[in-house]
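*Asks:* Listed here are the chains, written in short residue letters.
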Amino acid sequence: MDIAKLANLAKLKVDKKEESYFERQFDETFKIIDQFKDLDTSKVASTYIVTGTKNVMRKDEIDSSRVLSQEEALCNAKKQHNGYFVVDAILNGT
Amino acid sequence: MELNAFITVNKKKGKGIPIAVKDNFLTRGLRTTAASKLLDDYIPQYSATVVRRLEENGYWVYGKTNLDAWCHGSSTEISDYGPTLNPWNQKHLAGGSSGGSAAAVASGVVDVAIGSETAGSIRGPAAWCGVVGVKPTYGRVSRYGVIAMGSSLDSPGVLSKDVAGAARVLKIIAGKDSKDATTSDNEVPDYELSLTGDIKDLKIGVIENYFLSEMDKEVVKKTLDTVEVFQKLGAKVSNIKTLDPKYAIGVYTVVQRSEVSSNLARYDGIRYGKDRGFFAEEAKRRIMLGTYTLSTGYADKYYKKAQAIRTLFINDFEKLLKSFDVLIGPTMPGPAPKLGATKGQAMFGEMADILAEPAAISGLPAVSVPCGFVGGLPIGLQIIAPQFSEDKILNVAYAYETSNRA
Chain P
1 MDIAKLANLA KLKVDKKEES YFERQFDETF KIIDQFKDLD TSKVASTYIV TGTKNVMRKD
61 EIDSSRVLSQ EEALCNAKKQ HNGYFVVDAI LNGT
Chain X
1 MELNAFITVN KKKGKGIPIA VKDNFLTRGL RTTAASKLLD DYIPQYSATV VRRLEENGYW
61 VYGKTNLDAW CHGSSTEISD YGPTLNPWNQ KHLAGGSSGG SAAAVASGVV DVAIGSETAG
121 SIRGPAAWCG VVGVKPTYGR VSRYGVIAMG SSLDSPGVLS KDVAGAARVL KIIAGKDSKD
181 ATTSDNEVPD YELSLTGDIK DLKIGVIENY FLSEMDKEVV KKTLDTVEVF QKLGAKVSNI
241 KTLDPKYAIG VYTVVQRSEV SSNLARYDGI RYGKDRGFFA EEAKRRIMLG TYTLSTGYAD
301 KYYKKAQAIR TLFINDFEKL LKSFDVLIGP TMPGPAPKLG ATKGQAMFGE MADILAEPAA
361 ISGLPAVSVP CGFVGGLPIG LQIIAPQFSE DKILNVAYAY ETSNRA
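Residue numbers (my numbering), protein chains in the order written: chain P, 1 to 94; chain X, 1 to 406.
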């Protein structure tokens, strides 16, 4: 298992020592998970929601009880500029 | 000695009845950390539906209780704010992830506390701390404003010193919420009124294969002693077998890690909280494993397979619950282990919660009620019923709890 690749996909920093530690633990974990291969599920449908709820729709209207003011939305942001969140650049400037 | 049950105690004393709330429920204006330093300075701008409903019904939040960070664990030892100690013996774990809530109730700080369960996180600490723990049906209680762990499993619930207290609070927090589309519009019965203690002719199935071969003999004996009590109360008790719970460990591990990797992707330190460098070891391990089980080529092998076995568990319970009103068995394989038991154990929680996982992945309601002591530490009996039968499990728990008073 390529731990460095997984860490990169998940945007996590993992050092070399941790890499081998996690790798060992993942091997142990998959030994336990792999027990479920004993069960034949070739004719069994997967369950993604246990209560059988179907798509729930609502009117396309603003529900003011779940809207934050701009000031509230920004109140926990470490970096802000002119009432906006500041994010890292994702494009190279040309 | 302090138990370290609370991460934050509310400085503003409210009016009404104090209640402790697990620190993964958002509380407007009151710090909410999920026991992770990543959210050390996070002050929510709104409250969870559960909290709002409690405040509208005469309760005030006394404090925010400790948990395994992000609910990742079954010990409350994997908290960035230090472990919660077991009130019965402070060298032992409180259980988790709702360990702070269980300890707050067991030590008498509050009569009732709010917890949440993905698989075992209410029932486990309730059993280990000697209190009542109710994990409702998935979708019975709103997840709005609860810091997400495994979204197809997360079930907010109640820990209480007695069954009546749990019934009272569950009635307040249960029900449809327009802010959580997975909540059910099934009517919420008056759970307190359902506590008659009458279980005459009730059909109870004792899950034989939940008494694992490696289990402490005293735990087996104390749990089986409850059968006699139920028989005296007029219930019809027989032994039954379920699908082997060992398969639930894999299902739960895959589904939960997958959902964790997706849910914890939002913590980027931009809108709130600190950056991803603040995730501790357990969160990193879970996020990466979930990233793997959801990745191309492995999603079918693991995620889809796990969800198919989930169907097998649902079908198995459905069949059994056609012939039985409730199923009972031990909540946990043993009493609380000593502090430090989780060290280096990547699967401590999943193994400890083996008996809680089948009902959880099937979305069934279950209650853990104290049923004695082993080596000076409490153990619990769990009672499982069909979806939306919280009234039934609460009444059976109540019948057991009050049987000694007759």
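Accuracy of the hints is not assured; some may be wrong.
[As the list claims (entries may be wrong)] Footprint (simulated), chain P over chain X, 3 or more residues, beta carbon under 8 Å:
1) 55-64
2) 68-74
3) 82-89
4) 174-188
5) 199-212
6) 323-330
7) 342-350
No wet-lab data here; the hints were simulated from the structure. C-beta: ideal position from N, C-alpha, C; glycine also.
*Asks:* Mind taking a look at whether chain P covers the segment 342-350 of chain X? Criterion is 3 or more residues with CB to CB distance under 8 Å.
*Replies:* holds (count 3)
*Asks:* At a Cβ distance under 8 Å, does chain P reach at least three residues of the segment 199-212 of chain X?
*Replies:* violated (count 0)
*Asks:* Under a C-beta cut-off of less than 8 Å, do 3 or more residues of the segment 55-64 of chain X approach chain P closely enough to confirm the stated coverage?
*Replies:* violated (count 0)
*Asks:* Is the coverage entry for the segment 323-330 of chain X by chain P consistent with the three-residue Cβ rule at 8 Å?
*Replies:* violated (count 0)
*Asks:* Verify the coverage statement for the segment 82-89 of chain X against chain P, using a C-beta to C-beta distance below 8 Å and requiring 3 or more qualifying residues.
*Replies:* It is violated: at least three residues are needed, and the segment 82-89 of chain X offers just 0 whose Cβ sits closer than 8 Å to chain P.
*Asks:* Has the segment 68-74 of chain X got at least three residues whose CB is nearer than 8 Å to a CB belonging to chain P?
*Replies:* Since 0 is below three, the answer is violated.
*Asks:* State whether the coverage of the segment 174-188 of chain X by chain P holds or is violated, taking the criterion as 3 or more residues with Cβ-Cβ distances under 8 Å.
*Replies:* holds (count 5)
Checked against the numbered hints given earlier, the structure breaks hints 1, 2, 3, 5, 6 and satisfies all the rest.
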